[in-house]
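Peer 1: Position chain Y relative to chain S; hints supplied.
Spelled out from the first residue to the last, the chains are:
Protein chains: 2
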Amino acid sequence: MISIVLLGTGNVAKHLFNAFLRVDEINVLQVIGRNEGHLAYFKDKVETGTDFTKITDADIYIIAVSDDAIAQVAPFLKKKKGLVAHTSGSVALKSLGDLNHRGVFYPLQTFSEGKSIDFKKVPICIEGEDKSDMNLLKILAGLISLEVHEITSEQRKSLHLAAVFVNNFTNYLFTIGHDICTEHNLPFSMLKPLIKETVNKLDYLAPLDAQTGPAKRNDVKTIESHLNQLKNKNYQDIYSLLSKLIGEKYGQKL
Amino acid sequence: MISIVLLGTGNVAKHLFNAFLRVDEINVLQVIGRNEGHLAYFKDKVETGTDFTKITDADIYIIAVSDDAIAQVAPFLKKKKGLVAHTSGSVALKSLGDLNHRGVFYPLQTFSEGKSIDFKKVPICIEGEDKSDMNLLKILAGLISLEVHEITSEQRKSLHLAAVFVNNFTNYLFTIGHDICTEHNLPFSMLKPLIKETVNKLDYLAPLDAQTGPAKRNDVKTIESHLNQLKNKNYQDIYSLLSKLIGEKYGQKL
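Residue numbers (my numbering), protein chains in the order written: chain S, 19 to 272; chain Y, 19 to 272.
Just chain S, with the same shape it has in the complex:
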């Protein structure tokens, strides 16, 4: 049995909490957060508190707060014997400061309010400073996910950067697609099969080999026609830049 205290009340904390609850071998002792209101979600299932000086002893303390707040929360755990791990993609392990046992427990996924996640498929990226800490993190991660990866702080930063491209920026392109549809009285749902297939293809082809479209085949006529259709200057800028770079990547000069 692994005992856990969860520090934080945001989306990552909620999703981890639910994943932990489902596993008999994990015992969540306490959830601590600054905001009384945000603790309501956890209240009927576990002991909660707003006082960081009253953290219960546990095997692992999971700090699931915003990046900037990690360094503020960590000092409260200075005297604890257990392992302290944060869940951030971009904060270095050493940013936890002076602690007995430090680690990282980074679930590489996008978590939204009210949208449940199959944690078994979420890659959990772990980092620790010695073998026993690594083992403990590996056991905890393995209890909720089938995808456990030991990676360095440097690799984690790169993953987080890659995630911005494939999640944040991709979602923004979907927003542009949505805008274009709305402007022309078309339901955005018409694009969904295409979007899903774009992603499904990744199981068969590397994205470099899956590339299609006017930019790749240097179809200047279509590119110009598309730029003329776009009234939004920002969308034109994105179209131009991405088309130029795709063209360069595939050896075309635009």
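These are calculated hints, taken from the structure and not from any lab test. Fair warning: there could be bad hints in the mix.
Quick list of the computed label-pair ranges, beta carbon to beta carbon [unchecked claim]:
# : chain 1 : residue 1 : chain 2 : residue 2 : range
1 : S       : 221       : Y       : 65        : 31 to 41 Å
2 : S       : 266       : Y       : 86        : 15 to 25 Å
3 : Y       : 41        : S       : 84        : 47 to 57 Å
4 : Y       : 69        : S       : 266       : 39 to 49 Å
5 : Y       : 113       : S       : 85        : 49 to 59 Å
Virtual Cβ for every residue (Gly too), placed ideally from N, Cα, C.
Peer 2: What follows is chain Y alone, placed relative to chain S:
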């Protein structure tokens, strides 16, 4: 029973051919293409030919060739009584020139060699010039797909433009994610659950509401750190532009 002649031998032609073959009510009489070699795929299942002056009479002639070649193929069908429809997202109906019956039969999907598609979910966008042509297209589309949409040439052009953003450009962002992973000895497969969830979220949230990340929350520190991590100047340019525009969209000044 609807009889069909298919003009063209590319990915769209192949995928449509397979979808038509599965339906008893559709009879593909002939496939015509310039390139003898490309006809090999069809040869044991249907009559094929390279001579566009020897096109069999049919109810519908589907022109599934590259955009530029549509105007070259259409004149061969000038004297035909059946309906001639092209499959392009960006070519206007009238580009088919002077024909007895003109239409558009645009499957909004990305088709790859050797990767089968569930056509039932592919939106087929149809356009015709009179009621009986529209009806015929609607019946044909309805036999292979559950998603049949009557749209104008103008709307189709916009859909095609939106498709470039959500498919071509999105795939390019995946390529960047792939590059970053490779550079840091991480398997690209680690990003796939995130990519899939990014898309699954669209069934619950509009992309405008699903946006997350450093650009949206004006996290200048993370943005700067990411720009420093990127050694590829092109990727920096994309990161900067997309972050700026996401920031503007959500009311932050970067």
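Peer 1: Decide, hint by hint, whether the structure agrees.
Peer 2: A quick look at each hint next to the structure:
1. S:221 with Y:65: 31 to 41 Å: 36 Å, holds
2. S:266 with Y:86: 15 to 25 Å: 23 Å, holds
3. Y:41 with S:84: 47 to 57 Å: Between residue 41 (chain Y) and residue 84 (chain S), where Cβ atoms are some 55 Å apart, the hint holds.
4. Y:69 with S:266: 39 to 49 Å: 41 Å, holds
5. Y:113 with S:85: 49 to 59 Å: 53 Å, holds
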